[in-house]
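Participant: Sequence:
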Amino acid sequence: MKKTAGLLALFLGLGADPALAQTAEDLINDARTPEDVLVHSMGYDRKSYSPLDQIDKSNIHRLVPIWSTSLMNQSGELAAPAIHDGVLYAINGSWTFAIDLETGRQLWRTPVVLEEGSRRRSSFNRGGPVIYEGRLFRVTVDNHVLALDMETGEELWNEKFADGAEGYYATGAPMIANGVLISGMSGGESTTRGFLDGWDPATGEKLWRRYTIPGPGEPGHETWPADSDAYLYGGAPTWRTGSYDPELDLVYWGTGNAEPYDPATRGGLDSLYASTVLAIRPRTGEIHCYYQYTPNDVYDVDGIDEQVLAELEVDGEMRKVMIQANKNGFLYTVDRTDCSLIAAHPYVFVNWATHIDLETGRPVLTDLYRDFLAGEEVYIWPSRGTNAVPIAFNPDTGLIYSTTWYVPRIQRLLPEPQEFVLGASSTGVTNRFPVVEPGDLLGHIVAIDPLTGDKKWEIPMHDFPSSAGVLATGGGLLFTGKITGEFVALDEETGETLWEFQTGSSVNATAVTYTLNGRQQITVASGLGGGLANRYARGLVPAGGSMWTFALMPEEGTAP
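My numbering numbers the first residue of the sequence shown as 1 and each following residue consecutively.
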């Protein structure tokens, strides 16, 4: 692989000079350096917000594409790029790229090389590339985490962390926190036990592993059946990426569903730490505190989505909080110093719980759970509140902006217990989704106050839901995308669409914005991919990955 990468870089005729940057301090200051995008969602706080305001509501009509380039991939573009020193770094299931930010020309590209016999031969990647101290880090679907040289694309180290035969795979991006590379895993519908790994980014040495399901003698193991090995196959995957508070030195990482959905083998217990946010020490993997969103998750509602870190006034006191638009339909605000619940409000239609009890932190269940256990087919609202994509938070408005889904999951217990097969699907249920008719309401774009649950506005989406994240900017704009290929800009005040551009395939990624030579630009990936986007758009929307960059067309008589 090193030889292939080197030949490609030589053939393209250029090498990217990463300079002496991407230090720990650079990553911490990412949100305050407009010329770079070094961390997922524009900063460790995962706000997906930029104060840049050159592009605003008064001139958005002059936004035009200045270059586009193929990403040479048919399996979907869900990852946002990283940007440093005039170079854009991009990943997908087929390639890793370095691209000149001014022209869109490839500087180097390195192919994804999977193990022979890998159970999954192609996939998408969430999050984006991770850059630090001259290295680019990523995962591949066959359970490898690796480092490439940012200047040449050559592989520096490559470590395997799980076995695909046991149901594991990898799509989520790692992150750097306090000098440690932290990576997760996917496979929560199979016979897996979730974990996070800490790595030395210079050498690839594994520093620690934190299982997200505690073993015997560990706190939380009492939430699994005694004298049972159910915890070894209990899910709680870690396929989204965390947030980091460098002052508290805590990483906040969500976990997915308990496995199987049928709670019988789990004793109907809470099943820690599934559907939970963990606050962990990046140097050791030690758990500082946790909050479980959905105890005994039987509906695959997860707790995997990113935590937005903010400082909010609560009852006259400034609090360090984390905010999550949970897949279960509730928007949570949690104190990130001790993981205590502050507020929780539904942001979509919810029928599996009436509300979240603020005293206990637990959902108050409806009769849906009883009916499900009785073997009835139940309609669970929502199947997902949002589709595992970043939300945005504007600290000036105090509002969360999110794409949401209005689609139920139709689920029933299997009539007989499912045979245990290592590495196979083990949900213990059948599930399906309603047939979509033309004109059906399938989701919204919403602006909501995380403390009160009040919605400032809510824009319906018919025929297709959204699988794109949201970027908020200081220009009073929100950027997001549609499965049908439109990249759109909305008025932050009203949700009105002010501008759109057809990219040629689905926009399932989240845009980033930055400055190049003092000029604000916006970049987004396009390319149909991901199971849910394909469910609604396969055969209707062309596949094929590309990267698009936009800037303002100069006014007549002015220089760009």
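I should point out that these hints are in silico values taken from the structure, not numbers from a laboratory.
Among the hints, a few may not be true.
[Claimed, not checked] When the alpha-carbon atoms are kept at most 27 Å apart in a straight line, the in silico DSS-like pairs for lysine-lysine are as follows: (1) 320 - 206; (2) 456 - 57; (3) 57 - 455; (4) 206 - 160; (5) 320 - 456.
Participant: Each hint needs a verdict: does it hold in this structure or not?
Facilitator: Results for each hint:
Proposed proximity of residue 320 and residue 206 is contradicted: the alpha carbons are some 31 Å apart, above 27 Å. Taken as a hint, the residue 456 and residue 57 pair is honoured in the structure, with Cα atoms around 19 Å apart against an allowance of 27 Å. Distance check on the hinted pair: residue 57 and residue 455 sit about 22 Å apart at the alpha-carbon level, within 27 Å; holds. Distance check on the hinted pair: residue 206 and residue 160 sit about 10 Å apart at the alpha-carbon level, within 27 Å; holds.
Under the criterion of a C-alpha separation no larger than 27 Å, the hint pairing residue 320 with residue 456 is consistent with the structure, at around 23 Å.
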